[in-house]
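Asker: Letter by letter, the chains look like this.
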Amino acid sequence: MNRVHFKHISLLFLVATLNLLTVPQSYGENVSVAATVDKNHLSLEDVLHLSIIIKGTQNTPPPELPSMPDFRVISAGTSSSTQYINTQRSVSITHNFRLTPMNTGTFVIGPVRVRVNGKTYSTQPISIKVEKPSTQGATGLKNAFVEASLSNKKAYIGEQLVYTFRLFHRVDAKNLNLKLPFDKAWFSKEELGEPKSYTKVINGMQYHVQELSTALFPLKTGLHEIASSVIDLDLLYPTQSRSRRDPFGQFFNDPFFGRRTQAEHKVLRSESLSIEILTLPDGAPKGFDNLIGQFEISAEPGKSNLEVGDTTTLTVTISGKGNIRDITLKEPSLNGKFKTYPDKPEFHQTVQNNQIFGKKVFKFALVPLEAGNRILPKFSLPYFDSAMSQYRVAETQPIPLTIRPSSTKEELNLVQSGKQNVPVPKPEIETLGRDILPIFTKLEKFQNSESDTHSLTFLGTGFGSPLILFMLAAILIKQQKRMKHDVAYYRHRNAYKNATQRLKQMSSFEHSDAKEFGRVLSEILREYIGNKLNLQGKATTAEEVEIRLKESDYEAANMTRKFLDKCETLQFAPLASGSTKELLGESENLIKLLEKQS
Amino acid sequence: MKFSNGFSLILLFVLILFTSLPTNASEYLQEIVRANDLYSEKRFTESAQVYESLIANGVRNGYLYYNLGNTYIRMGKTGPAVLNYIRARKWIPRDENLEANLKFAIQQTQDKIDLPPSGTLSTLFFWSKDFNLSELIKISMLLNLVFWITLALWMYFRTSPLQIARNALLGLLLLSFFSIGVKLVNKSDFDLGVVLAKRVEVKSGRAKDAVTLFQLHEGALVKISDSHESWLEVRLNDEQKGWVPKTAIGI
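Protein chains in written order, with the numbering used here: chain A, 1 to 598; chain B, 1001 to 1251.
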């Protein structure tokens, strides 16, 4: 049963796979391409939607659009669809474009080419008529319109002009994209703050107004036309989705639930504006630096009565309307009576009634060098008054200063609680010149550095010697440690020392008892051999000693046995006087010989 | 007893190694005194000759190069001045007077090219910039000695503090070896050169008729990246490089 069931499933899979494999071939052969537009007749404010529909496949490269110099083309994405009708599968893909007309006239959108599987498909050409927008806009019939204005139709070079762009709209406007048209060769511009929003009633119709102003400063003389400003936007129209009779209609049209809207993309253009830019008249005063507008200048000292070495701040303020940011002021010429330290000027700009007003503050720290009554010279600011069309010179008043001799009394600030908050002027040290620092003359610095560290001997000694010393130390340490823990080694190492010490003790006094002398001598020798060979106990016979020595490859084994025999004999047969020294000498030599052979 | 003998040997070695050895100072110190006196008397040309003759005779000392740099500044020769300050940096890299005078000399040049920035290795081993090669070698030697002594002590006493000290010293010793390596690599990778001619044209190839890429003026600092017969490849950065005659550059 299970096997039959499995066979059915396998068959179904096979059929489905074959179906999927064969379908693309069947619809791939019936490819068709078509181009459609949403309208053939439009104004410069409208946007044309062009759709390229490719049926029979979805896997194509983007269509090749013909050249359309009279339109600005923006891709608006693609959409694809798959449909099954009576087991027949049909697929398509649509490439959408948004065309913004740039000129009026009748234009033909040429054939659009699409390549599918190496084959090229073309669409039919489409004829489009573009007209000027209706001139009834400002009367209230239009839902949105724009206007641009210039503060003056004539201006002097460098004079401040204000260009104002306004968008009027009765319905909601979203996705605003404004392009202002200024030519950088003709104007430098400065933004006049954020756009303003307000409402205005025109012919009884209420409009929302978005206003943007820009200050322009002409750079060239001559007649110039400022091109149209262009704004792209989406106008949102509310749609009535429910019948007015529907009791729920008004309830669901409440903004809380979000109104249904329909968007219309528009491109609005302002009128172009012409401007005549004039050269400045002759007769500019001395020091005139292309300053145009209306300005005032004032100067004020921090204190007018001060001591030599004291500091006061002279503040010069220039305020007014015009290109105030560019104003520079030279340091006052004080004939060496003061030291002058200019500070960085401060600049503040305000926009009032779409005009740039500014204030620039120059500060000079003055330190009087001589006592006496001084008058600070006046500051002059020549400028061209554009309103009066004449040159003017703004001036400050001369400032009298009383300079007293320096009081150089030093006060001990032991307790000065009242004066703690008095700011102490920070002394400024002026760099008067630059020079190199002097040569070195201390002779101990001039030791020749070349010879010492780079020689191989030095490097070898420096790096090799500690290693060699460490190896020697390591050997010593190893021996020390073995002596502590290895008894056989300890006995072996100290055997000779102990034996020679005992022999020395024996040689220091006379031995009247030959028997005792022989016994001790024999004991010393057997103890030495016992230590050397790590034998337990001293009661080893001369034969045993010989055997052990022979086992350890001592050549003097036989000689040792004979000497031990002699010592034993001595214990039974008395020795002639003076023979003890010979026997001691013989034993010393024998131990030395055994030590050499060990 | 034997161990104490070994320790005495080590102490003796340290004394020999780090006690300043007598040099043939008297032979050239008098010349330095003479050159300094000539400088004080504003006889800068003669002073420079004495300093140069000392260098020609094999005396290598940072302060000697520094004084020579000062002498050339006084003579108005910014090229040799910058060159000698650069040479002095090899021996006295931490000297503030030298840094100040080198900056001053660079400001006097037309091209005002600053010293090239440190490479990655030099940045990692930042301390190696502040030591000359001899100092780094001596530091390594001292660390080497202390390390082996500590190792021997650890072998004998086997205590934990000695083990930590042994490991730390081994780390420091390896670091000092790397620092020496970095110093040597930097020395060989990019030798600094100074333009000695009043003006030199940097060519695209090793020929006088090759295209002139840019010009350099006396005192300009360049990296020397290659050498071929009588030509040197100099570079200011990755883009500006070319060939100049060897005679125009001081190394």
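Be careful, since some hints might not be right.
List time: in silico BS3-like cross-link candidates among lysine-lysine, alpha-carbon distance up to 27 Å [as the list claims (entries may be wrong)]:
| no. | chain 1 | residue 1 | chain 2 | residue 2 |
| --- | --- | --- | --- | --- |
| 1 | A | Lys442 | B | Lys1223 |
| 2 | B | Lys1138 | A | Lys442 |
| 3 | A | Lys592 | A | Lys497 |
| 4 | A | Lys132 | A | Lys119 |
| 5 | A | Lys337 | A | Lys321 |
| 6 | A | Lys303 | A | Lys220 |
| 7 | A | Lys153 | A | Lys119 |
| 8 | A | Lys445 | B | Lys1090 |
| 9 | B | Lys1077 | B | Lys1241 |
| 10 | A | Lys179 | A | Lys119 |
| 11 | B | Lys1129 | A | Lys286 |
| 12 | A | Lys220 | A | Lys184 |
| 13 | B | Lys1223 | B | Lys1090 |
| 14 | B | Lys1129 | A | Lys442 |
| 15 | B | Lys1077 | A | Lys442 |
| 16 | A | Lys55 | A | Lys119 |
| 17 | A | Lys445 | B | Lys1129 |
| 18 | A | Lys442 | B | Lys1090 |
| 19 | B | Lys1241 | A | Lys445 |
| 20 | A | Lys321 | A | Lys378 |
| 21 | A | Lys196 | A | Lys184 |
| 22 | B | Lys1103 | A | Lys337 |
| 23 | A | Lys200 | A | Lys132 |
| 24 | B | Lys1138 | A | Lys445 |
| 25 | A | Lys154 | A | Lys184 |
| 26 | B | Lys1103 | B | Lys1042 |
| 27 | B | Lys1042 | A | Lys442 |
| 28 | A | Lys566 | A | Lys497 |
| 29 | A | Lys596 | A | Lys484 |
| 30 | A | Lys142 | A | Lys132 |
Here's a subset of chain A near chain B, in silico, CB distances under 10 Å, partners left out [what the hints assert, rightly or not]:
| no. | residue |
| --- | --- |
| 31 | Ala34 |
| 32 | Pro181 |
| 33 | Ala185 |
| 34 | Gln294 |
| 35 | Thr431 |
| 36 | Asp435 |
| 37 | Ile436 |
| 38 | Leu437 |
| 39 | Pro438 |
| 40 | Phe446 |
None of these hints come from the bench; they were simulated from the model. Don't be surprised by glycine CBs; every beta carbon is placed ideally from N, CA and C.
Asker: Hold the hint about glutamine 294 of chain A up to the distance rule: shortest CB distance to chain B must be less than 10 Å.
Answerer: Glutamine 294 of chain A check fails; min Cβ-Cβ to chain B is 45 Å, beyond 10 Å.
Asker: Please verify whether lysine 445 of chain A and lysine 1129 of chain B have alpha carbons no more than 27 Å apart.
Answerer: It holds: about 20 Å lies between the C-alpha atoms, which stays within 27 Å.
Asker: Let me know if the C-beta of threonine 431 of chain A comes in closer than 10 Å to any C-beta of chain B, holds or violated.
Answerer: violated, 13 Å
Asker: Does the CB of proline 438 of chain A sit less than 10 Å away from some CB of chain B?
Answerer: holds, 7 Å
Asker: Given aspartate 435 of chain A was flagged as interface, is its beta-carbon under 10 Å from a beta-carbon of chain B?
Answerer: holds, 7 Å
Asker: CA of lysine 196 of chain A to CA of lysine 184 of chain A, is that 27 Å or under?
Answerer: holds, 25 Å
Asker: Holds or violated: is the Cβ of isoleucine 436 of chain A closer than 10 Å to a Cβ in chain B?
Answerer: Holds, about 5 Å.
Asker: Quick check on proline 181 of chain A please, does its C-beta sit within 10 Å of some C-beta on chain B?
Answerer: Where the cut-off is 10 Å and the nearest Cβ of chain B is about 39 Å from proline 181 of chain A, the hint is violated.
Asker: Per the CB criterion, is phenylalanine 446 of chain A less than 10 Å away from chain B?
Answerer: At about 5 Å, which falls below the 10 Å cut-off, the nearest Cβ of chain B leaves the hint on phenylalanine 446 of chain A intact, so it holds.
Asker: Next pair to validate is lysine 179 of chain A with lysine 119 of chain A; report whether the Cα-Cα distance is within 27 Å.
Answerer: violated, 41 Å
Asker: Holds or violated: lysine 1103 of chain B and lysine 1042 of chain B, Cα atoms, limit 27 Å.
Answerer: This hinted pair holds, its Cα atoms lying about 23 Å apart.
Asker: Assess, step by step, whether the Cα of lysine 1138 of chain B is no farther than 27 Å from the Cα of lysine 445 of chain A, and give holds or violated.
Answerer: holds, 18 Å
Checked against the numbered hints listed earlier, the structure breaks hints 1, 4, 5, 6, 7, 10, 11, 19, 22, 31, 32, 33, 34, 35; every other hint is satisfied.
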